[in-house]
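Visitor: With our numbering, letter number 5 in the sequence shown gets 15, and the count goes up by one each step, no holes.
Do not rely on the hints blindly, as some may be mistaken.
[As the list claims (entries may be wrong)] Label pairs and their calculated CB-CB ranges:
| hint | residue 1 | residue 2 | range |
| --- | --- | --- | --- |
| 1 | Ala51 | Leu175 | 28 to 36 Å |
| 2 | Ala51 | Arg117 | 15 to 23 Å |
| 3 | Ile67 | Ala213 | 44 to 52 Å |
No lab work stands behind these hints, which were simulated from the structure alone.
From the three backbone atoms N, C-alpha and C, an ideal C-beta is built for every residue, glycine too.
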Amino acid sequence: MVETRERPLSLSYRRPADRSERAVLEDALGSIAINPRSDLAEVFSGVALGGITLLVIGPVALLIAWTLQYLTGMSFGTSNMWLATAGCWLAGWGVLSGLKVAARRNRLASLRRALAADLASGEVQEESWRFVEAVGFQEAEKLPLIYMLHADNGATVAFEETRLLGRERGPNEAFQSCAPSDAVLVRGARSAVLISENYSGPALPLLDIHPLRLPREERPTHGTPVDRPWMAVGPWLSGRSTLV
Numbered sequence: 011m012v013e014t015r016e017r018p019l020s021l022s023y024r025r026p027a028d029r030s031e032r033a034v035l036e037d038a039l040g041s042i043a044i045n046p047r048s049d050l051a052e053v054f055s056g057v058a059l060g061g062i063t064l065l066v067i068g069p070v071a072l073l074i075a076w077t078l079q080y081l082t083g084m085s086f087g088t089s090n091m092w093l094a095t096a097g098c099w100l101a102g103w104g105v106l107s108g109l110k111v112a113a114r115r116n117r118l119a120s121l122r123r124a125l126a127a128d129l130a131s132g133e134v135q136e137e138s139w140r141f142v143e144a145v146g147f148q149e150a151e152k153l154p155l156i157y158m159l160h161a162d163n164g165a166t167v168a169f170e171e172t173r174l175l176g177r178e179r180g181p182n183e184a185f186q187s188c189a190p191s192d193a194v195l196v197r198g199a200r201s202a203v204l205i206s207e208n209y210s211g212p213a214l215p216l217l218d219i220h221p222l223r224l225p226r227e228e229r230p231t232h233g234t235p236v237d238r239p240w241m242a243v244g245p246w247l248s249g250r251s252t253l254v
């Protein structure tokens, strides 16, 4: 059960960044680079993947069409039509890859602007968290856990086990929760880039470990507050709910 407090201990405020924190933000800004060759290679990879699927689906579709034509006498298109269809299939895969590249570029551009704004303002956001409940989510038994921690102010924060431990848990290592009960997180005020993390207090036991079925690109990153009610986090990560 969540501890009841007249005044939650979890709080967040902005303050001036010190020299080391500015250095982290500067390094993060400097690491953002757009590589046209890499983007072009990703588009070509998408077309190549479309070609592989075409090699599998194409002969099956042709066999079905020829069989139906033999049995019914109906024509299912000329060879030019089939070639045009194959070209559209490959073009579609290329367009999808191009859209993914464009979306990633937009995210990087937004992050670059936010980091520049953080450096211009000279501010960071410091968050002190007191957690009272912890639940784990795991894609497979051998993979690292994602911890979802419930704070005393009702918020939920996601943590990755490998980041909390500083390493991957060994295959024969006995499981032991590393969910922190207290944390101090410092991040960019606008970019939300995590600058530093400090944990204290006894580890919280996991109430349960649920299957993790949310697509990897939609999962919360380490140290990120989740904009969902605590009771909605489980269905969301387990793939039972699409509600925002």
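Visitor: Next step is simple, just say for each hint if it's right about the structure.
Guide: Status of the hints after comparison with the structure:
In this structure the supplied range 28 to 36 Å holds for Ala51 paired with Leu175, their Cβ-Cβ distance being about 34 Å. Distance hint check for Ala51 and Arg117: the Cβ-Cβ separation is about 19 Å, which falls inside the suggested range of 15 to 23 Å. Taken as a hint, the range 44 to 52 Å holds for the pair Ile67 and Ala213, whose Cβ atoms sit roughly 51 Å apart.
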